[in-house]
Amino acid sequence: MATRRPPLYPVHEDRGAGFTDFGGWEMPVEFDSIRAEHAAVREAAGIFDVSHMGEIRVDGPDAETLMQRLTTNDVSSLGPGGAQYGCITDEDGVIHDDTMTYALPDGSYLFVPNAGHDEEAEQHWVDYRDETDLDARVTNETEDWAMFAVQGPEAMDLTVDAVESVGAPLAEESDDIADLGRFSITEATVAGADCLVARTGYTGEDGVEVLCPVDDAEAVWAAFDCQPCGLGARDTLRMEMGFLLSGQDFDPEENPRTPFEAGIGFAVDLDTEFVGRDALAAQQEVGVEEQFTGLVLQERGIARHGYEITHDGEPVGEVTSGTMSPTLNEAIALGYLPTELADDGTEVGVVVRGDEKRATVTTPPFIDK
Amino acid sequence: MSFDVPDDRKYLASHEWATTDEPTRVGISDFAQDELGDVVFVELPDEGDTITHDEAFGVVESIKAVSDLYAPVSGEVVAVNEKLRDQPELVNEDPYGDGWLLEIEPSDESEFEDLMDADEYGEQIA
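Heads up: the protein sequence lines correspond to chains Z and D, in order.
Numbering-wise (full-length UniProt numbering), the first sequence opens with residue 1 and increments by one.
Numbering-wise (full-length UniProt numbering), the second sequence opens with residue 1 and increments by one.
Note that these hints are calculated values from the structure, not bench results.
Heads up, some of the hints might be wrong.
One-sided and incomplete, this derived list gives chain D residues near chain Z with beta-carbon spacing under 8 Å [unchecked claim]: (1) Gly-37; (2) Asp-38; (3) Val-40; (4) Val-59; (5) Glu-61; (6) Lys-64; (7) Val-66; (8) Tyr-70; (9) Val-80.
Stretch by stretch, here's where chain D covers chain Z in the computed footprint (C-beta under 8 Å, at least three residues) [as the list claims (entries may be wrong)]: (10) 26 to 33; (11) 300 to 306; (12) 316 to 329.
In this text, all values refer to a predicted model and were calculated from it rather than measured experimentally.
Built from N, CA and C at the ideal position, the CB exists for glycine as well.
Could you put together the complete structure from these sequences and hints?
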């Protein structure tokens, strides 16, 4: 498959960004340094190009029912302008993707599959719609939108400066974008462009995610005067929070996990009827055998994806993500452990290039947010 | 982007440098530190250990990557840059100076002939 590029690829290249392949997209991984970009987001603000994320619009009379059946959370609880985190699971309750669902002011739904999953999600929605004879239109708009995340303690001030006017549904209550609630989305004008601005993110910081038409991407990007950040810093920021990375912390082929194992049971509403509901209800009944948790290394070294986790010298799991935390200056890791070993403070080992390093189970987030 | 390639030392294709005096000081190039990004950990042999030309002798880790370190020439390790234990970022800040890795007593002077001079290495990374 041909590599896809975000609309601002040449702008990032001129700025000196390094690039990496991510989910079939050639995305900026680093502009200045991961440490500098990470610190900017924790202490001030940074902007990420996340145009590799998919956008699928679902509208029509049965749009809500279709979303309800194919995501694990209760979509019917969303009013216009609401946003919700959920999973896309199969009949066995295994996570195929995680996604944010936005209830747009016009009554349609927009959900955001991870990089490279948009076509698969579109097909899944279309197939299910056709099988169940639901009346809904499914449109893959991934190529139409650019998406930026502006994150950090100063992100909302920057957003107030950048947003020229807001539309529905915020306008009914206020015309100040600062009043946009967490997990809400509104129409807004930025740099003259008709955008969607959501108070969501993936860093643990306050901030927004902005969707804009690709032709307006350069002007909208320039409207936020802060540190440009790449996927490298996005990864260290999300790891400090213990947020999952699709394809790494779960993967339907290589590391099949249910939302309960992955620690995101809050995104599952068993009172709704969705694909995988019965399997998850059964799992909730008996409990999980393994669960997602964090580790802090107590010896020098860095735990990386795939490294073995041990207990009393025996292998008990694998690291799914690991790095040196730029905030803590400690080696942190994420992975699955047998439930009986997943309590905070449990001493385990991580095998780093043949050497077993001492590590302590620590429920994320690793930082106080 | 242009990288600093001092001409007072020689280079391995895998981006390590070595001075040609004794003891021979070893480090990684400006290009290598830039490619790695923020260095957060360096694993080195101990004093008294022997390292072998073209074979891995340690590891340098940045936030985003793990990279083996290869010996430009064979010899006994006579000094290790202990500052890197607490300040691995010195590899980024001063790769040819304070960010050096170790010093060795070379055992086979002819191995220097296998290394690139600054012009050749500069062409490799151009």
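Against the structure, the hints come out as follows:
no., hint, in the structure
1, Gly-37, "6 Å, holds"
2, Asp-38, "4 Å, holds"
3, Val-40, "4 Å, holds"
4, Val-59, "7 Å, holds"
5, Glu-61, "5 Å, holds"
6, Lys-64, "5 Å, holds"
7, Val-66, "6 Å, holds"
8, Tyr-70, "15 Å, violated"
9, Val-80, "14 Å, violated"
10, 26 to 33, "holds (count 3)"
11, 300 to 306, "holds (count 4)"
12, 316 to 329, "holds (count 3)"
This entry does not satisfy hints 8 and 9, going by the numbered hints stated previously.
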